[in-house]
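K.L.:
The chain contents come next:
There are 2 protein chains.
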Amino acid sequence: MTKLDLPVFADVLAAAKRLEGMAIKTPVIESSWLNDLAGGRVFIKPECLQRTGSFKFRGAWNFISRLNRKDNPGGVVAFSSGNHAQGVAAAAAIKNLPALIVMPADSPVIKIENTKALGAEVLTYDRASEDRNEIAHRQLKARGAVLVPPFDHKYIMAGQGTAALELADWALENHVDIDQVMIPTGGGGLVGGSALVFKTKMPKADIYPVEPALFDDYRRSLIAGEVVSNDVTTGSICDALMTPCSGHVTFAVNKLRLSNGLAVNDHEVCAAMKFAFERLKLVVEPGGAVALAAVLSSKIDCAGKNSALVLSGGNVDAAMFAGIIS
Amino acid sequence: MTKLDLPVFADVLAAAKRLEGMAIKTPVIESSWLNDLAGGRVFIKPECLQRTGSFKFRGAWNFISRLNRKDNPGGVVAFSSGNHAQGVAAAAAIKNLPALIVMPADSPVIKIENTKALGAEVLTYDRASEDRNEIAHRQLKARGAVLVPPFDHKYIMAGQGTAALELADWALENHVDIDQVMIPTGGGGLVGGSALVFKTKMPKADIYPVEPALFDDYRRSLIAGEVVSNDVTTGSICDALMTPCSGHVTFAVNKLRLSNGLAVNDHEVCAAMKFAFERLKLVVEPGGAVALAAVLSSKIDCAGKNSALVLSGGNVDAAMFAGIIS
Chain L
1 MTKLDLPVFA
11 DVLAAAKRLE
21 GMAIKTPVIE
31 SSWLNDLAGG
41 RVFIKPECLQ
51 RTGSFKFRGA
61 WNFISRLNRK
71 DNPGGVVAFS
81 SGNHAQGVAA
91 AAAIKNLPAL
101 IVMPADSPVI
111 KIENTKALGA
121 EVLTYDRASE
131 DRNEIAHRQL
141 KARGAVLVPP
151 FDHKYIMAGQ
161 GTAALELADW
171 ALENHVDIDQ
181 VMIPTGGGGL
191 VGGSALVFKT
201 KMPKADIYPV
211 EPALFDDYRR
221 SLIAGEVVSN
231 DVTTGSICDA
241 LMTPCSGHVT
251 FAVNKLRLSN
261 GLAVNDHEVC
271 AAMKFAFERL
281 KLVVEPGGAV
291 ALAAVLSSKI
301 DCAGKNSALV
311 LSGGNVDAAM
321 FAGIIS
Chain U
1001 MTKLDLPVFA
1011 DVLAAAKRLE
1021 GMAIKTPVIE
1031 SSWLNDLAGG
1041 RVFIKPECLQ
1051 RTGSFKFRGA
1061 WNFISRLNRK
1071 DNPGGVVAFS
1081 SGNHAQGVAA
1091 AAAIKNLPAL
1101 IVMPADSPVI
1111 KIENTKALGA
1121 EVLTYDRASE
1131 DRNEIAHRQL
1141 KARGAVLVPP
1151 FDHKYIMAGQ
1161 GTAALELADW
1171 ALENHVDIDQ
1181 VMIPTGGGGL
1191 VGGSALVFKT
1201 KMPKADIYPV
1211 EPALFDDYRR
1221 SLIAGEVVSN
1231 DVTTGSICDA
1241 LMTPCSGHVT
1251 FAVNKLRLSN
1261 GLAVNDHEVC
1271 AAMKFAFERL
1281 KLVVEPGGAV
1291 ALAAVLSSKI
1301 DCAGKNSALV
1311 LSGGNVDAAM
1321 FAGIIS
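Chains L and U, in that order, are what the protein sequence lines are. The letter at position 178 of the first sequence is residue 178 when you use my numbering, and the numbering goes up by one with no holes. Add 1000 to the 1-based position in the second sequence for my numbering, that's all there is to it.
Note that these hints are calculated values from the structure, not bench results. The structure displayed is predicted, hence computed values, not measured ones. Please note: incorrect hints may appear among the correct ones.
In silico EDC-like cross-links for lysine to aspartate or glutamate, where the CA-CA straight-line distance does not exceed 20 Å [claimed, not checked]: (1) Lys95/L / Asp1231/U; (2) Lys25/L / Glu1113/U; (3) Lys1025/U / Glu30/L; (4) Lys1116/U / Asp36/L; (5) Lys1095/U / Asp36/L; (6) Lys1274/U / Glu113/L; (7) Lys1274/U / Asp1231/U; (8) Lys1201/U / Asp1231/U; (9) Lys274/L / Asp1317/U; (10) Lys25/L / Glu1173/U; (11) Lys255/L / Asp266/L; (12) Lys1204/U / Glu1173/U; (13) Lys274/L / Glu1113/U; (14) Lys1274/U / Asp317/L; (15) Lys1017/U / Asp152/L; (16) Lys1154/U / Glu1020/U; (17) Lys116/L / Asp1036/U; (18) Lys1025/U / Asp169/L; (19) Lys1154/U / Asp1317/U; (20) Lys116/L / Asp317/L; (21) Lys3/L / Asp169/L; (22) Lys25/L / Glu1030/U; (23) Lys1025/U / Asp152/L; (24) Lys17/L / Asp1005/U; (25) Lys204/L / Asp177/L.
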């Protein structure tokens, strides 16, 4: 078995340096409405306000900023349901690298359109019948391009971890001890990078991955002690979190650092999106709202605690959003 | 003529101290989409993320935090289309003071409901046929309460100015010279407090009040050199900015410090709200979006400049928001 190249905390610090002036330092927000409902303080990290509307620009830039047009004339290829797509497209455009993104045909229109608007070429596939890995690798070979993995890579995880680094640094500056952190989880990149940060800076904090109900492979993998897959490929409104299973790099990092996984259903996700609209004045996409949904539906006890959560993205089609808030 | 008690820059600094730990230090956000459209950098201060969903908590707390239950058993009375209402209700609740708010019957439901949810009593009136001043003063007398003016008071203006103070301090820390600032304007409290800040900290910056087309009394007052009123009391979707005319305290501060006024129509406001949804992932109410609308509709030239604008509030009913983004 190949030895995995795992990220460590220092990689997150290095990523933060690389991201300075490129990514937005998103704020930490507190809502008196949410605190009242939770019975404790809940600190919110709104990555929907990040460049390209999700945290994914962080990892993409940490990876792509090391490439250049001369050595990588074939540019980059990525597969993504849409947020990694936009992060890669934006990062590649800055580096003047061609980018091809393989996306499910049923991705939200806003994600496909934005990816194209950011200058990338988009190739769609059928989520239920085609293998995105295979399509991407065929393109990689044909173009002599570099693959930008969606989560299972040291640089990607370290980049995503910078969101948690900002959160932890804010908490330390404000003398707040965070007891628990809830992170939307697909392949495990964001939660893994976050776990590296908190287990170094605030080791007592429990880190909970939060997933859509039918896509709770992380929850089950943590119980099994090995990577297990989801039985389905469709059936959730959380398009950003319908990952087949965890990566091996991400799981190696996460299995030692995460508490049990939490899962929320579509109904709870919609309620969280409506709450974010009404109370937080933030546009959050379904997959970005799962951690908030876990708090609002009492899947996690926040009473008397200092909790933190990430709203990981805000790329949602207007028609869906209008329906959910109405 | 009574001498007006005008705020000075030091009042804003004092307000900032008073607001520490009570108000949210809202972030400064930059959007590559907006910069591309504007042809320059545009720094956004999203006060929709403020406690109670608008900047109004700042002024309300700066005023109400000086009162107490023992000396003010009658509590406070305010008139407001809804954002000042929520600011006053939240501040009064913290100080355990009873609060009565006189609101137009056609205020957005979310504003009336939130004001009640924050513990205030709400009295509605007909915007077209009744005088809110008269109703409020009748209640004041009956209750022995203190009036919390919506804008025309030193403490209110100084409180609102803290939003601009955070913006200016951010710009100084980040070595950004702001050339121009666009501020949503009703009675002139926010723009006045902001003008005090910028004319002290970044005196070269031009400050532009932005109003709804039919309610451009500030624009006309600046031309006339005296306070003139609007001819109408209804007819804009910007419920937060349908003020009859400027205050005298606010005008005295503003007439020496503002550049010409800008006005935007409902169509331009809706386009700005949709842009904020799609690109900024922020929920902005009509009145809160006028400065962004001025930039997007080229009412102000941002090419090659460093511009800043405030998104002043996000309290908008779901049905209206759904209609506008769809």
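K.L.:
If a hint holds in the structure, say so; if it does not, say that too.
P.N.:
Hint check:
Note on Lys95/L and Asp1231/U: the hinted pairing is violated, with a Cα-Cα distance of about 54 Å set against a maximum of 20 Å. The suggested pairing of Lys25/L with Glu1113/U is violated, with an alpha-carbon distance near 33 Å, which exceeds 20 Å. Under the criterion of a C-alpha separation no larger than 20 Å, the hint pairing Lys1025/U with Glu30/L is consistent with the structure, at around 10 Å. About 16 Å separates the Cα atoms of Lys1116/U and Asp36/L, which keeps this hinted pair within 20 Å; it holds.
Simply put, Lys1095/U and Asp36/L have alpha-carbon atoms about 17 Å apart, close enough for the 20 Å limit, and the pair holds. Straight-line distance between C-alpha atoms of Lys1274/U and Glu113/L comes to about 16 Å, which keeps the hinted pair within the 20 Å bound. About 29 Å separates the Cα atoms of Lys1274/U and Asp1231/U, which puts this hinted pair outside 20 Å; it is violated. Proximity of Lys1201/U to Asp1231/U is assessed by CA-CA distance (about 36 Å); at most 20 Å being required, the pair is judged violated.
A C-alpha spacing of about 12 Å is found between Lys274/L and Asp1317/U, which places the hinted pair at or below 20 Å, so the restraint holds. Straight-line distance between C-alpha atoms of Lys25/L and Glu1173/U comes to about 14 Å, which keeps the hinted pair within the 20 Å bound. With a C-alpha separation of about 26 Å, the suggested pair Lys255/L and Asp266/L falls outside the 20 Å cut-off, and the hint is violated. Using a Cα cut-off of 20 Å, the hinted pair Lys1204/U and Glu1173/U holds, with the two alpha carbons roughly 17 Å apart.
Only pairs whose Cα atoms come within 20 Å are accepted, and Lys274/L paired with Glu1113/U is accepted, the gap being roughly 16 Å. A distance of roughly 12 Å separates the Cα atoms of Lys1274/U and Asp317/L; the hinted pair therefore holds under the 20 Å criterion. Our distance criterion of 20 Å between C-alpha atoms is broken by Lys1017/U and Asp152/L, whose separation comes to about 46 Å. Pair hint Lys1154/U plus Glu1020/U holds up; C-alpha atoms about 19 Å apart against a cutoff of 20 Å.
The suggested pairing of Lys116/L with Asp1036/U holds, with an alpha-carbon distance near 16 Å, which does not exceed 20 Å. About 16 Å separates the Cα atoms of Lys1025/U and Asp169/L, which keeps this hinted pair within 20 Å; it holds. As the CA atoms of Lys1154/U and Asp1317/U are separated by approximately 31 Å, the hinted pair breaks the 20 Å bound. Straight-line distance between C-alpha atoms of Lys116/L and Asp317/L comes to about 16 Å, which keeps the hinted pair within the 20 Å bound.
Among the hinted pairs, Lys3/L with Asp169/L is inconsistent with the structure: their alpha-carbon atoms are about 32 Å apart, more than 20 Å. With a C-alpha separation of about 10 Å, the suggested pair Lys25/L and Glu1030/U falls inside the 20 Å cut-off, and the hint holds. As the CA atoms of Lys1025/U and Asp152/L are separated by approximately 36 Å, the hinted pair breaks the 20 Å bound. For a cut-off of 20 Å, the pair hint linking Lys17/L to Asp1005/U is broken: about 49 Å separates their Cα positions.
Taking the CA atoms of Lys204/L and Asp177/L, the gap is near 9 Å; set against the 20 Å cutoff, the hint holds.
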